[in-house]
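*Asks:* The listed protein sequences correspond, in order, to chains A, B, C and D.
Per our numbering, residue 1 is the first one in the first sequence, and the count goes up by one each step.
Per our numbering, residue 1 is the first one in the second sequence, and the count goes up by one each step.
Per our numbering, residue 1 is the first one in the third sequence, and the count goes up by one each step.
Per our numbering, residue 1 is the first one in the fourth sequence, and the count goes up by one each step.
Derived by calculation from the structure, the hints in this document are not laboratory data.
Careful, some of the hints might be misleading.
Which copy? The list can't say, so a pair holds if one copy fits it or any two copies do.
Once the Cα atoms are required to be at most 16 Å apart in a straight line, the calculated EDC-like pairs of lysine to aspartate or glutamate come out as [unchecked claim]: (1) K98 <-> E129; (2) K98 <-> E48; (3) K110 <-> E129; (4) K113 <-> D26; (5) K98 <-> D14; (6) K110 <-> E127; (7) K113 <-> D142; (8) K96 <-> E129; (9) K98 <-> E127.
Spelled out, the chains give:
There are 4 protein chains.
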Amino acid sequence: MAHAPVMTRQEVEDFLDREFPQLHHDGRSFHVEEVGPMSARMRLDAHERHLRPGETISGPAMMTLADVALYAAILAQIGPVGLAVTTSLNFNFLRKPKLAPLIADVRLLKLGKRLAVGEVSLYSQGEAEVVCHATGTYSIPDRR
Amino acid sequence: MAHAPVMTRQEVEDFLDREFPQLHHDGRSFHVEEVGPMSARMRLDAHERHLRPGETISGPAMMTLADVALYAAILAQIGPVGLAVTTSLNFNFLRKPKLAPLIADVRLLKLGKRLAVGEVSLYSQGEAEVVCHATGTYSIPDRR
Amino acid sequence: MAHAPVMTRQEVEDFLDREFPQLHHDGRSFHVEEVGPMSARMRLDAHERHLRPGETISGPAMMTLADVALYAAILAQIGPVGLAVTTSLNFNFLRKPKLAPLIADVRLLKLGKRLAVGEVSLYSQGEAEVVCHATGTYSIPDRR
Amino acid sequence: MAHAPVMTRQEVEDFLDREFPQLHHDGRSFHVEEVGPMSARMRLDAHERHLRPGETISGPAMMTLADVALYAAILAQIGPVGLAVTTSLNFNFLRKPKLAPLIADVRLLKLGKRLAVGEVSLYSQGEAEVVCHATGTYSIPDRR
Numbered sequence: 001m002a003h004a005p006v007m008t009r010q011e012v013e014d015f016l017d018r019e020f021p022q023l024h025h026d027g028r029s030f031h032v033e034e035v036g037p038m039s040a041r042m043r044l045d046a047h048e049r050h051l052r053p054g055e056t057i058s059g060p061a062m063m064t065l066a067d068v069a070l071y072a073a074i075l076a077q078i079g080p081v082g083l084a085v086t087t088s089l090n091f092n093f094l095r096k097p098k099l100a101p102l103i104a105d106v107r108l109l110k111l112g113k114r115l116a117v118g119e120v121s122l123y124s125q126g127e128a129e130v131v132c133h134a135t136g137t138y139s140i141p142d143r144r
Numbered sequence: 001m002a003h004a005p006v007m008t009r010q011e012v013e014d015f016l017d018r019e020f021p022q023l024h025h026d027g028r029s030f031h032v033e034e035v036g037p038m039s040a041r042m043r044l045d046a047h048e049r050h051l052r053p054g055e056t057i058s059g060p061a062m063m064t065l066a067d068v069a070l071y072a073a074i075l076a077q078i079g080p081v082g083l084a085v086t087t088s089l090n091f092n093f094l095r096k097p098k099l100a101p102l103i104a105d106v107r108l109l110k111l112g113k114r115l116a117v118g119e120v121s122l123y124s125q126g127e128a129e130v131v132c133h134a135t136g137t138y139s140i141p142d143r144r
Numbered sequence: 001m002a003h004a005p006v007m008t009r010q011e012v013e014d015f016l017d018r019e020f021p022q023l024h025h026d027g028r029s030f031h032v033e034e035v036g037p038m039s040a041r042m043r044l045d046a047h048e049r050h051l052r053p054g055e056t057i058s059g060p061a062m063m064t065l066a067d068v069a070l071y072a073a074i075l076a077q078i079g080p081v082g083l084a085v086t087t088s089l090n091f092n093f094l095r096k097p098k099l100a101p102l103i104a105d106v107r108l109l110k111l112g113k114r115l116a117v118g119e120v121s122l123y124s125q126g127e128a129e130v131v132c133h134a135t136g137t138y139s140i141p142d143r144r
Numbered sequence: 001m002a003h004a005p006v007m008t009r010q011e012v013e014d015f016l017d018r019e020f021p022q023l024h025h026d027g028r029s030f031h032v033e034e035v036g037p038m039s040a041r042m043r044l045d046a047h048e049r050h051l052r053p054g055e056t057i058s059g060p061a062m063m064t065l066a067d068v069a070l071y072a073a074i075l076a077q078i079g080p081v082g083l084a085v086t087t088s089l090n091f092n093f094l095r096k097p098k099l100a101p102l103i104a105d106v107r108l109l110k111l112g113k114r115l116a117v118g119e120v121s122l123y124s125q126g127e128a129e130v131v132c133h134a135t136g137t138y139s140i141p142d143r144r
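Given only the sequences and the hints, what does the whole structure look like? Please build it.
*Replies:* Below, the structure written as structure tokens:
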């Protein structure tokens with residue numbers, strides 16, 4: 001179940017940069033920190049457009065980070081052979097994140113032929129408490 | 001259950017502009033089209049940062065629109081007496097949206113003392129098919 | 001998008017009886033009331049094991065009804081050519097249902113080659129208010 | 001955040017037996033195996049009514065176990081001072097469970113004044129792979 005990923009951290013980051021340049025509109029904010037077997041870690045260095053009053057990071061910025069981090073984890077396992085498509089996402093918002101880099105820890109729960117499912121815990125860098133928890137399902141294109 | 005809203009469309013839009021100026025980073029994209037009893041409609045005129053390759057609107061842009069539209073619907077019913085907080089969101093992504101204005105139709109399912117729950121259908125303006133369906137729960141602050 | 005279903009109400013009910021006899025453990029509780037284009041309606045006549053203190057119907061009984069009603073709606077559209085499998089379900093519990101027959105109204109949002117997605121509103125027979133809202137995703141087996 | 005629970009495993013089991021006798025309709029199936037700080041573990045010894053063709057445990061049986069296990073975890077932390085109410089549940093069904101005791105491992109992510117949020121991993125006893133993953137939100141009554 002937990003083979004080594006087929007792409008390196010750098011290859012995943014390069015792929016995201018090339019395929020989703022809009023993520024970096026106004027400057028790079030999303031960073032791939034690590035990829036591993038059935039896992040990945042990403043970081044959001046929040047730009048002004050990701051903030052909300054009260055010195056916190058917006059819900060949509062958290063949702064974007066969770067989605068791209070799940071995508072990165074899947075990509076790392078199956079390689080850039082075709083584009084996985086997000087089919088569902090579920091979020092529980094638990095606490096207000098600090099104005100600090102936001103970390104997304106992904107654990108894939110299933111990597112099937114047609115569907116991949118994973119969970120993500122988001123927390124402020126250096127803090128223990130999860131600020132947002134997400135689960136997501138991705139449809140994987142036929143690979144021949 | 002379905003009283004007239006206590007804020008007008010314009011009042012809701014003004015409130016969002018004032019409280020969430022970051023939504024309009026790079027120019028106004030999110031518009032309140034209508035508020036009604038237990039309902040609201042918003043529109044996203046997608047900016048370049050909301051797009052994805054293949055001439056479509058990004059998942060995070062859809063999620064942002066759904067979240068703000070649910071928020072606007074609740075605000076219209078209870079007034080600007082305190083800030084509701086998103087506690088959970090669930091999304092099913094059904095089809096790729098066209099490169100056209102994206103409409104969010106909100107129907108509130110419950111407006112309790114502590115929690116409000118609603119559903120949102122997103123579709124490309126002028127099209128019948130739902131491209132994304134969302135449900136969300138918001139915690140409502142104590143009102144005294 | 002909304003062709004006539006390929007199975008009748010009776011055929012769907014017979015199929016469920018044959019394939020899922022455990023649903024009727026202790027006597028028949030689940031009834032297919034109607035099937036239509038991208039839709040279905042089912043009814044639960046709650047048995048004692050579906051109840052909870054305070055004269056209400058249990059959460060698990062509501063979840064079972066929603067799941068089987070979504071399944072029935074999909075079955076009616078695609079026919080008994082193979083078994084769809086539930087891949088995700090999301091529930092919002094809004095109010096306590098009365099001690100009355102519980103109705104599930106299903107609307108399919110997507111019926112693709114690989115995935116079907118639908119939403120369900122549950123309400124007590126004769127009442128207007130939704131007591132539970134659900135969305136679900138089903139994986140559809142390859143049809144050749 | 002992670003104080004010792006205020007109820008023992010036995011006290012939680014006794015409370016569930018007393019308050020939800022319908023869970024044991026046809027004989028005891030649900031067992032509290034363990035309670036801990038922000039956690040609990042329950043077990044389902046599936047009865048015939050929990051089964052499905054193909055020698056597997058039904059989706060509704062898995063949903064019931066996840067719901068009651070989350071409830072038990074919250075109860076253990078806050079005590080029997082009033083009844084928490086399930087407000088939302090989200091399930092991802094990953095694999096067919098074996099015909100074996102089904103274990104639910106709960107981790108509470110938040111225990112606030114008004115809302116508790118947790119996640120549950122279900123797996124067949126003795127197996128490593130998660131067969132179903134759930135998250136749930138519970139409304140906590142005012143405690144004075």
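*Asks:* Please sort K110 with E127 into within, between, both or neither, judging by C-alpha distance up to 16 Å.
*Replies:* between (28 Å within a copy, 15 Å between copies)
*Asks:* Cα distance capped at 16 Å. Does K113 pair with D26 within a copy, between copies, both, or neither?
*Replies:* neither (37 Å within a copy, 39 Å between copies)
*Asks:* Within a copy, between copies, both or neither: where do K98 and E127 come within 16 Å Cα-Cα?
*Replies:* Intra 9 Å, inter 38 Å, cutoff 16 Å: intra-copy only.
*Asks:* When no copy is named, should K110 and E129 be tagged within, between, both, or neither for a Cα gap of at most 16 Å?
*Replies:* between (25 Å within a copy, 9 Å between copies)
*Asks:* Measure nothing new, just compare the shortest in-copy and cross-copy C-alpha distances for K98 and E48 to 16 Å and report within, between, both or neither.
*Replies:* Only inside one copy: K98 and E48 sit 14 Å apart there, 28 Å across copies, limit 16 Å.
*Asks:* Is it within a copy, between copies, both, or neither that the alpha carbon of K98 lies no farther than 16 Å from that of E129?
*Replies:* within (11 Å within a copy, 34 Å between copies)
*Asks:* Can you tell me if K98 and D14 fall within 16 Å by alpha carbon in one copy, between copies, both or neither?
*Replies:* This pair counts as neither: shortest intra-copy Cα distance 28 Å, inter-copy 27 Å.
*Asks:* From the Cα coordinates, with 16 Å as the cut-off, is the pair K96 and E129 best called within, between, both, or neither?
*Replies:* So K96 and E129 pass the 16 Å test inside one copy only (10 Å; across, 32 Å).
*Asks:* My question is about K113 and D142: at a cut-off of 16 Å on alpha-carbon distance, are they close within one copy, between copies, both, or neither?
*Replies:* The answer is both: 8 Å in one copy and 12 Å across copies each meet 16 Å.
The structure shown violates the earlier hints numbered 4, 5.
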